[in-house]
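Single-letter residue listing:
Number of protein chains: 4
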Amino acid sequence: MDAIAKRCREGGFDQHLIGLEVLSMDGKRATAKITVGESVANLSGNLHGGAIATLVDDVGTLAIISADKQNRPGVTTDLNVSYFAPGRAGDVILIEATALKSGRTLAYVSVDLRRESDGTLLAQGRMTKFL
Amino acid sequence: MDAIAKRCREGGFDQHLIGLEVLSMDGKRATAKITVGESVANLSGNLHGGAIATLVDDVGTLAIISADKQNRPGVTTDLNVSYFAPGRAGDVILIEATALKSGRTLAYVSVDLRRESDGTLLAQGRMTKFL
Amino acid sequence: MDAIAKRCREGGFDQHLIGLEVLSMDGKRATAKITVGESVANLSGNLHGGAIATLVDDVGTLAIISADKQNRPGVTTDLNVSYFAPGRAGDVILIEATALKSGRTLAYVSVDLRRESDGTLLAQGRMTKFL
Amino acid sequence: MDAIAKRCREGGFDQHLIGLEVLSMDGKRATAKITVGESVANLSGNLHGGAIATLVDDVGTLAIISADKQNRPGVTTDLNVSYFAPGRAGDVILIEATALKSGRTLAYVSVDLRRESDGTLLAQGRMTKFL
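Protein chains in written order, with this note's numbering: chain B, 1421 to 1551; chain Y, 1421 to 1551; chain X, 1421 to 1551; chain A, 1421 to 1551.
Don't read these hints as lab results, they were simulated from the structure.
Certain hints may be false.
No distinction is drawn between identical chains; accordingly, a pair holds when it is met within one copy or between any pair of copies.
As the list claims (entries may be wrong) - Okay, derived cross-link-like pairs now, EDC-like style, lysine to aspartate or glutamate, Cα gap no bigger than 20 Å in a straight line:
#: 1; residue 1: Lys1489; residue 2: Asp1511
#: 2; residue 1: Lys1448; residue 2: Asp1538
#: 3; residue 1: Lys1521; residue 2: Asp1532
#: 4; residue 1: Lys1453; residue 2: Glu1441
#: 5; residue 1: Lys1448; residue 2: Asp1532
#: 6; residue 1: Lys1453; residue 2: Asp1538
#: 7; residue 1: Lys1521; residue 2: Asp1538
#: 8; residue 1: Lys1521; residue 2: Glu1536
Same shape as in the complex, but just chain B (with noise of 0.2 Å):
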């Protein structure tokens, strides 16, 4: 685990989801969580959608990884969101994905955010990946 989330965090694009931390990788789920700074935010200083996006895809591969029997990683094929309510500046996000089937050549997830303060929903995504 330590050294995926060290990948994810050092990778590319990845490596701006500044202050990222992976909490756990465990049979079928993984959970992460982020605060809200300057480097995930949009214009008004909220979480920005394309970082929710971004995290739906990272973490929901963790899950992915940790429910495939060979970690396979996959190609994501297709990936939605949608948001419910703003992540503010500051706020501690909790993601956590839960693979819904791992199969031969298909794996597929789900992932919420919450604001951890109160454990209010603030986007669900869901994801297909080819194995």
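With chain B's structure known, arrange chains Y, X and A on it following the hints.
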């Protein structure tokens, strides 16, 4: 357009889309291009799926602003992306956003990402915004 | 609930969901079940992807109605479904819808379809409605 | 094409798309039309969101079959629809599906639904199939 492009380039998470150039904003359309470099790459060196989603969001928002009489950017309710082929390091990517509907309270946009050299469609996204 | 279920069964396109039975509508949740028969089958005899999308729409709307203080059904802006495994002829399918957000102008719902016999998740959808 | 259209009209759930007429299947495209009648209506008498999703699935599949060298229909992994305006009772709806990618193992299609009388875009969907 220059002012908006400048904001896009300088704002928090958007600053990581290094080299993003807005080419046009006119009527219901906005176009931009970006060369795949390290700042937007995934671990394979290709354009990161999260960067693609961010481009759908940002360039799609420019089309929605352009289509709306009051130039409102709105707030995203839903975003989806399908991924067809990788954007390789060094590829110039054209992003073309077309507003599908610009209403009083809701706006929708479709966004194509193509490799400039041969026109290959790499990804397509759609976004819904509440104005 | 009976009145709503009756309307669901009798209304135009919904009348084709033969055997659909609403089990509960309570707080932010609605549940229903249907046995896969010829009226909802595809050419392979399995539950049709369009029927699944229709179930996401209908049972999801019941959860949104239940969650909203004024019981507004709203108008759909976005709907998505991921498909994991087929619903076979004769399978009893449980549909469980949970409102993710019930706001003043927007409501969101997530819907799971499971095979009752073994709990296998067959599909998951999400819907956004403008109230 | 006639054989396929016939199967579409006669198969289980598809039989409820009363009046669906396939107009063309050529290269990467398929087109069809349907008049909004009681069999495909929601409680307001408009084209049901589930019927729209079913049309995206069915006409989209025809485009995928047409684009694939082996004419494989595939199995749906993901489907999404955005809804822009209602299809009213009596409206003739044109459904235009264009394959976005037709690969060895994955195919993608975009589907537009328009009101024939004035060309208004009523809905747009995208579908991914595993071949």
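These are the hints, each one checked on the structure:
For the identical chains of this complex, Lys1489 and Asp1511 are neighbours neither inside a copy (35 Å) nor across copies (29 Å), given an alpha-carbon limit of 20 Å. For a Cα distance limit of 20 Å, the shortest separation of Lys1448 from Asp1538 across copies, 18 Å, qualifies, whereas the shortest one inside one copy, 25 Å, does not. Taking the closest pair of Cα atoms, Lys1521 and Asp1532 come within 20 Å of each other both inside a single copy (16 Å) and across two copies (13 Å). For the identical chains of this complex, Lys1453 and Glu1441 are intra-copy neighbours only, at 5 Å inside a copy versus 32 Å across copies, given an alpha-carbon limit of 20 Å.
Taking the closest pair of Cα atoms, Lys1448 and Asp1532 come within 20 Å of each other both inside a single copy (14 Å) and across two copies (17 Å). In this homomeric assembly, Lys1453 and Asp1538 come within 20 Å of each other (Cα to Cα) only inside a single copy, at 14 Å, whereas the closest approach across copies is 34 Å. Proximity of Lys1521 to Asp1538 under the C-alpha cut-off of 20 Å is restricted to the inter-copy arrangement: shortest distance 15 Å between copies versus 29 Å within a copy. Proximity of Lys1521 to Glu1536 under the C-alpha cut-off of 20 Å is restricted to the inter-copy arrangement: shortest distance 17 Å between copies versus 27 Å within a copy.
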